[in-house]
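Undergrad: Since chain B is already given, all that's left is putting chain A on it; use the hints.
The listed protein sequences derive, respectively, from chains B and A.
Using the numbering used here, the letters of the first sequence map in sequence onto residues 1456 to 1721.
Using the numbering used here, the letters of the second sequence map in sequence onto residues 9 to 256.
Hints were generated in silico from the structure; no laboratory data involved.
Idealized CB from N, CA, C, for every residue including glycine.
Some hints could be false.
[Stated by the list, open to error] Computed, partial: chain A to chain B, Cβ under 10 Å:
no., residue
1, Leu-30
2, Met-99
3, Leu-114
4, Pro-118
The residues making up each chain are set out below.
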Amino acid sequence: MPMNDCTEPLLRVRGLSHRFASARDERHAVRDADLDLHAGEVVAIVGESGSGKSTLLNCIAGRIAPTQGQVHYRSAEDRWLDVHALTERQQRVLARTEWGFVEQNASEGLRLQVSAGANIGERLMGQGERHYGRLRSSAERWMQRVELDIDRIDDSPRAFSGGMRQRLQIARNLVTRPRLVLLDEPTSGLDVSVQARLLDLIRMLATRMHLCALIVTHDLGVARLLAQRTLVMRHGRIVEQGLTDRVLDDPQHPYTQLLVSSVVAP
Amino acid sequence: MNDDLAPRLSVRGLAKHFTLHLRGGVRLQVLNDTTFDVHRGECIALVGASGRGKSTLMKCLFGSYGADAGSLRFESSAGLVDIATASPQRMLELRKRDISYVSQFLRAVPRVPALDIVAQRLVDAEPAPPSDDLDDEAHERRMDEAREHARALLGRLNLPPTLWDLPPATFSGGEQQRVNVAKGFVQPARLLLLDEPTASLDAANRRVVVELIGEARSRGTAIVGIFHDEGVRDAVATRCVELGQATS
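Excised from the complex, chain B in its bound form (with noise of 0.2 Å):
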């Protein structure tokens, strides 16, 4: 067909494997993993708990050092960077700048001691910014984004619920704009309406700056809502991947079947 095939993507898995030291058997957490993400898009892993997930996403996020396989990241000035090649300062950098990472425990992704202004102007800072009143007026920018009561600025977020810590998180990690968003279980817990919330914040941000989101869920009803791709995991290995209305809607794989057959109308 004459029509040029999509852009270049954002990030690129190939043959990525990785078995726990601790594993008693040879059993794989993950298994040739491939996987392309692009920018403006939302996609979402689903399965299991167990099925590899949350490992994919971390060996992604160059947190595990995978046994087998490559993640290649294009940067921001179109460089095209092998992510476990790079070393732990580049890592650092990039996990600060052009990444972010969202916690399943919110309290794991912010720093309890601090304010909920400084959580958020602590990558700023990381940046270089040290005018107080741009910090401050930009960590009230998204409080406001995130629909945080800006009268909460100066408190520790050890006094917010879930999702107050979810949203303040969620400000943190895209207060500096990053270009690739990893997500794990971040509704999870939630209340269904400050789930709804945060899915929508998720969405139109994902829309309006055009930010790459991988996002690791086991409700399906979250991917249908939120992500334009879903890839299924079962054993380690992804079964099927495509258009998450097409995953969910004619799935292929017998596991699929079994996922999508077993919720109330995903």
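TA: Chain A alone, transformed into the frame defined by chain B:
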């Protein structure tokens, strides 16, 4: 070939089956060698008994179902593309601008007002130029323009203005369907897929949908639809394609 004579959509030998792994691998052959063309300005009504694959065909055209065999060659705004083999990225691009689908059910992100669901469809198709600021004026202006179109369309479909700023989760079936219809028609598409667009509408709103279909046709949109209401079908269809037997 003269552009006006080349079909907008050319379906050739489309086959689709489902294997139900949870039912011992039962194989359901739903479409078998389906072939037909749709030209610009045509409205094809799919007919055939229940279970003959009308909705399945629509979902294959939208890419929600994969095709087993055959081709679905579509003249997109960026050239010819085979929907049967298009990559997910390509399919997403086509859905943004060229292909609209009005299904029977509205699926929407919670909390988004009806007006914005419709307006967002236009903004997705023609976004404001990228900006470094999330609160940029260009985007807001684009959104406001789009809301104007959305208001006009929702007004035409007699959706009470008091509902426009509310998320449609609590709307009645007919109200949700009108939001869905507005979302499907607000962006002038090259291919419009209509799955029972009037199923839960009253006579007055059915007439509005018939008018909208006529206007889309005169803009050159190619339409494929399922219309169980014979009055609507007679009013809008330029041709019927019967499934369950090969038609051209």
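Undergrad: The structure should be examined with respect to each hint, and the outcome stated for every one.
TA: Each hint tested on the structure:
| no. | hint | in the structure |
| --- | --- | --- |
| 1 | Leu-30 | holds, 6 Å |
| 2 | Met-99 | holds, 6 Å |
| 3 | Leu-114 | violated, 12 Å |
| 4 | Pro-118 | holds, 4 Å |
In this structure, the one hint that does not hold is number 3.
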